[in-house]
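Can you make the complete structure from the sequences, with help from the hints?
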Amino acid sequence: MSTSNFKIQLKGNSAAGALGLSAAIMLIPANLLPVLETDTAGNDRTDTIYSGTVQLWHHGLGAIAAIVFAASIVIPILKLIGLAYLLFNTRNGPAKNPVRLTKVYAALNVIGRWSMLDVFLAAFLTGLVRFGALATVQARSGIVAFASAVILTILATEAFDPKILWQRQPEPALP
Amino acid sequence: MNKTPAPKVAHDRSIPLVWIVPIIAALICAWLGYREFHDLGPEISINFADASGVEAGKTTLEYKGVAVGTVRSVELRKGLVGIAIKLRLKKEATELANGGSKFWIVHPEIGLSGVHGLETLVSGVRLNVSPGNGPTTKEFEGLDKTPAPDVTDEGRTFILQSDKLGSLTTGSPVFYRELKVGAVEASRLSSDSTLVQVRIHIDAPYADLVRTSTHFWNAGGFNFKINLFGAQLKETSLESLVTGGVAFATPDSVPLAAAAGPDTVFTLASEADKDWLKWSPKIPIKSVDSIVQKSNSPSILPSLIK
Chain A
185 MSTSNFKIQL KGNSAAGALG LSAAIMLIPA NLLPVLETDT AGNDRTDTIY SGTVQLWHHG
245 LGAIAAIVFA ASIVIPILKL IGLAYLLFNT RNGPAKNPVR LTKVYAALNV IGRWSMLDVF
305 LAAFLTGLVR FGALATVQAR SGIVAFASAV ILTILATEAF DPKILWQRQP EPALP
Chain B
2 MNKTPAPKVA HDRSIPLVWI VPIIAALICA WLGYREFHDL GPEISINFAD ASGVEAGKTT
62 LEYKGVAVGT VRSVELRKGL VGIAIKLRLK KEATELANGG SKFWIVHPEI GLSGVHGLET
122 LVSGVRLNVS PGNGPTTKEF EGLDKTPAPD VTDEGRTFIL QSDKLGSLTT GSPVFYRELK
182 VGAVEASRLS SDSTLVQVRI HIDAPYADLV RTSTHFWNAG GFNFKINLFG AQLKETSLES
242 LVTGGVAFAT PDSVPLAAAA GPDTVFTLAS EADKDWLKWS PKIPIKSVDS IVQKSNSPSI
302 LPSLIK
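Respectively, the protein sequence lines represent chains A and B. Numbers 185 to 359, taken from my numbering, label the letters of the first sequence in order. Numbers 2 to 307, taken from my numbering, label the letters of the second sequence in order.
Note that these hints are calculated values from the structure, not bench results. Among the hints, a few may not be true.
Below, a list of computed lysine to aspartate or glutamate pairs in the DMTMM-like style, where the Cα atoms sit at most 20 Å apart [said to hold, decoys possible]:
hint, chain 1, residue 1, chain 2, residue 2
1, B, K59, A, D231
2, B, K275, B, E179
3, B, K87, A, D231
So, in structure tokens, the structure goes:
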């Protein structure tokens, strides 16, 4: 295995790092800014992802609250942590513990698709709930940040080349 | 003999192009944050002794009938001394955070001189504000009731003294020749508690009608007299029948007595002498056009009968 081949993969992982960092940056407004504005009978409220989850919980929808909380807050963060873990352990070349890292990589692929749930929820509500003065739901800028964070995370995991996990360690030079 | 061309060696850029993505992300992030927060005015806190009906996220602050802020939270203050309402003003309403601004809660009110805040029966209470012009502050003491009307009107105030209040309340009308020219602002006991003092406000164009020789009387309620020649019902107006009212007349002496200064004290008679009703001095008043300008005074107490 030549060093130049190794460099190409490093470059790919650099892209994964850049995209992952971008996703982490976008997660900040995604969680701080309101994602939904609901106006029901003059009762106007804006919700961030977190306050929306709390609201669901208070309305006795514990299961849905748990799903939304997991899909929108826990999974994106876990995914980025996992990716950072992979990148950190392969920063100087092939990994020393390939089996565990591969499991992490597989887990990233499994949980990834769930995090778009919130975006779908907002899109559906905005489209469906339009009763003029009685009730309207509007998407706010937070959902855009959230969607881009999710997309960037997906791109980052795609950009990561798992081959590096299994690359043979360069033989130590003979004395 | 064919010679293999020398391979082109690509040199890695020191920083790969893909790192522009986090920079763009950071810029978008900053823009989103800016867009979210640049519309927001200051957050202020108002202390009330009682905040019944005020709800976080629902109750709005209105100025001249337009919502200029929303209540963010309603909290009990330490030591149970009252309620602190935190509200976020809109950016264009930043000046309402000036010191001296008065805040009060509008409840539906039927009686006094009309029906006020009836819409709050359906929509819940709302907060109202009368702006001050002091330095910007964050914490305000809310009023426990609607302040006296026409706070921005120039006009003139006078003090009336009487042995009893009758049916006068804040907002009761003051009449001159049965025309409403002012209103009762406040009432209280005198310091030795032997008299009731009533502060009235006469609107700007009519302020000169009050001379030093003017007589005031209580025009509230109605007089019902029955004698040999029949029954006689005397009342000033439907409004004063319900809410009480004050009327005044000025004797037509030549030359006319001097115009009364602000806060001059008069005695409030319980009813008018027959002579008083006949007086009709010629008193020049300010242009009646200024009545029209009066309509821009805050709609605190829109009375039924203008």
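Against the structure, the hints:
1. B:K59 <-> A:D231: holds (14 Å)
2. B:K275 <-> B:E179: It holds: about 15 Å lies between the C-alpha atoms, which stays within 20 Å.
3. B:K87 <-> A:D231: holds (18 Å)
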